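With the hints as constraints, model all of the structure from the sequences given.
Protein chains in written order, with the numbering used here: chain X, 500 to 807; chain E, 187 to 266; chain G, 18 to 498.
The hints are simulated quantities; they were obtained by calculation from the structure and are not laboratory data. Just so it is clear, the structure is predicted and the values come from calculations on it, not from any experiment. The beta carbon of each residue, even a glycine, is placed where N, CA and C say it ideally should be.
DSS-like mimics (lysine-lysine), calculated; alpha carbons at most 30 Å apart, straight line:
| hint | chain 1 | residue 1 | chain 2 | residue 2 |
| --- | --- | --- | --- | --- |
| 1 | G | Lys201 | G | Lys45 |
| 2 | G | Lys165 | E | Lys212 |
| 3 | G | Lys89 | E | Lys264 |
| 4 | G | Lys321 | E | Lys240 |
| 5 | G | Lys455 | G | Lys382 |
| 6 | G | Lys83 | G | Lys112 |
| 7 | G | Lys162 | E | Lys212 |
| 8 | G | Lys112 | G | Lys321 |
| 9 | G | Lys162 | G | Lys83 |
| 10 | E | Lys206 | E | Lys252 |
| 11 | E | Lys240 | G | Lys91 |
| 12 | E | Lys237 | G | Lys321 |
| 13 | G | Lys377 | E | Lys206 |
| 14 | X | Lys718 | X | Lys797 |
| 15 | G | Lys369 | E | Lys237 |
Okay, the calculated bits of chain G under chain E, using three or more residues with CB under 8 Å as the criterion:
| hint | segment |
| --- | --- |
| 16 | 154 to 164 |
| 17 | 314 to 327 |
Over the 10 Å line for every Cβ pair with chain X, so calculated as not near, a few chain G residues:
| hint | residue |
| --- | --- |
| 18 | Ala26 |
| 19 | Arg65 |
| 20 | Tyr113 |
| 21 | Leu306 |
| 22 | Ile366 |
| 23 | Ile387 |
| 24 | Ser388 |
| 25 | Lys416 |
| 26 | Ile418 |
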Amino acid sequence: MLMLPVFLATFTVLWGLFTPSFIKDNLNYKLGSDSFLYNRIREAKQVQNVDVLVLGASQAYRGFDPRIFEEQGIRLFNLGSSNQTQIQTEVLIKTYLERLHPKVILFVVNPESFSMDGVESSIDFLCNGVIDNQVTAMVFRLNSIKTYFTFVYAGFRQLMGMDNDFVHPIQMEHDEYISGGFVEKEYQPYRDVLPNDSVRWIPRHFQMEAFERNIETLKKSKSCIIFVQAPVLREFDSKIMNAEWYNQYFASFNVPYYNYTQILNLPKSFFYDNFHLNQHGVDTFNNDLVERLALKQKITEVTMTYYH
Amino acid sequence: MNQQTLLSELSEIFNEVLDKEGIVLKPDTHAGDIEEWDSLTHIQLIVAIEKHYKIRFTSLEIQHWKNVGDICQSILDKTM
Amino acid sequence: MLFNTGTFAIFFIIVFISYWLFLKNSVKWQNLFLLVASYVFYGWWDWRFLSLIFLSSLSDYLIALKIDAPIKPKSAKIWVTISIAINLIMLGFFKYYNFFVDSFIDLFALFDVELSKRSLNIILPVGISFYTFQTMSYTIDVYRKQLKATRDFVSFFAFVSFFPQLVAGPIERASNLLGQFYIKRQFDYEKSAIAMRQILWGLFQKVVVADNVGVVVNQIFDNYQQQSGFSLILGAMLFSFQIYGDFAGYSNIAVGVARLLGFQLMQNFQSPYFSQNITEIWRRWHISLSTWLRDYLYTPLAIKTRNWGSFGIAFSTMLTFLLCGLWHGAAWKFVIFGAFHGIALTYDIFTKKTRKKWRKQIHQKIYDPISILLTFSYWTFTLIIFRAQSAKDAFIYLKSIINKPLFTPDDLSLAGLKLTMVGIVVFFMAFDYMGRNKTFAIETTGKPWPNIGRFAFYAFLVFLIFLFFQTDGDAFIYFQF
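Next up, the structure:
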């Protein structure tokens, strides 16, 4: 019986090494992804003391362009990643908050991530991130067969240094990684379809718990926290049955909350799909954000209060 | 007619119906012992036996049989 | 409670420990405990339908005692008829009511008479087809004087509701299972080890084969109008393996679980896909059902019609298989499925001698594999009718196999997934073939190997079960209004 885990781990590694990747099973390993987590994590390890930190899913890393903030004299780092849920945000906060030392945290709280199980994003973290104590804790917290398999195999590869020669490209298809954690999509017009039926993002209990833990931790850090819902297509937003429930939920944390879908009410020409702004949209959104949130004052305030 | 002669007569009927040679029935022989004796040939055997002895069994009688001995008993009951 | 869930694992661990640790000295308490556990197991799904199991058990318990008492044969016949009627009415109402009503309305519609629809919203109580057959066989056996009626209330009720085989068989006979409740069960390490192996193989069949192959099968059957001929054939063949893995897997787990409690259930499957004709398939497929139908339906019918000659045999065979089809579900497609099997068995009966001759002429080394392939093809063909949404869909599906182009570029999409499934099936069938004379495929696999090799093999199966476990990782939950 004691031999079982040893056998299982051995088989996992052998399976990962020798079976072709098209076999659809619970062992997923993919180095490199269109969310550029690989580049972002490695850049984050070099960066220190930023003004603004962005956390969240794809609306985060595709919606907050550090170059626009730089023009206004704000140093922003974007830790968003594909399908990031609260479970992964927790890992990022615990690993990077101290070294990045942000004055303002823009917490992107688009509701769909609350309804996800977090497995897909975890696999992204295991393959493209660095497996450390926090990531390990995340694997056990999720308790999913898929993440266990990837954990064992990805762990083996990292231990053996098998991917040390890997260089993630800066450009993939229509996406380009921009220093500071942003991913710019080459301009393309909106082409997506609206769902016929209503949509309901049913929140998962453990995601809400992780969210509340995250807010606790952030509040202790003395940074200024702001909740932002990055714009999604308004026609899509109106299909979400429980959008109002989320508005109330986020408002209940005593944290400033901006729902940018409602604030800007942008038309289709600013989006490339239902969930994501094109670069024109990002420009508009980011500039409005700096002004409306009075970001510069906030940064100064925090700096004055706590760092003098 | 005693059971011994009955058994050898039945053996012959079995050989013929089951298209096999050398079947020697004993009182405790049952369907599991002879490969060809299945649910289909069972019916053919009943028909052959009834024809040979010019008797007719009831359904319940047939369903009481557990082995060849029981069949013999039923035949003896009818022919005596 | 399903076997491949965590809930069942916890339930069974509790049952297993209590049963062997605290109650091992009293058969009576063990039986009572099994009865309660079985009712909990069933009630977990829907406690209201426990009343049906109770009713079915109670009526047969009482009626069997009546029949066994010294009464006139005529009265015994009346009582056995009442017992059968109660079970069939229960089954008929809960499983077939809507089917009969709808068919009746459709029949009148043929003559332009419109009847108002009175379908009821009836939930099918899980396992009703299994336990009603089980209780019926008991009363009939008592009537046939092949069995004594029992006065042991708890044992009988536990026999009817015995949780390992309650919802999907094997359909046990009282002559095999009921007696095991009377005697003391010994915990036996060797037997338990075999039981664990059987459960492991059952889980492999269910989790690795059936659940994964099922994903591809669903894709193909749900969009069958967009598929190439090749895809349609592949989908049908994969379904054959899905349903085998699913059902035989369930049976193996059931037999294994019962073994862990000291009970020996009957073998329900024996490598059916290596059969050389449809008759043989039915001897190896769902054996507990096919022997039930043989003993309680076919044989009485054939005895009654024995003077009609060949026609009597053909008639009994056809009727048995039409009802066998209907047993699988309340729809015409199942009746048609049954009809094709009735036809095949009738063909088998009348060509028995000819086929024997062919086998000699052609040489068995060529004849046998061809027979296996042809048998499997025919079986797969009938399963298309079984799996399709309706008889009409089945017809279009079959027509498309011929009419649609054999290959389209679309076949390459998901080629990897399809190839994986074929790989799984080949692995599965290799072991199935090697263990075709055993009570389950891996009963003795690895016996001559060193311990470490044998253990590595079991660990590999565990690994595959985890690796291919279908997780419901759906990130987006759409809710429709």
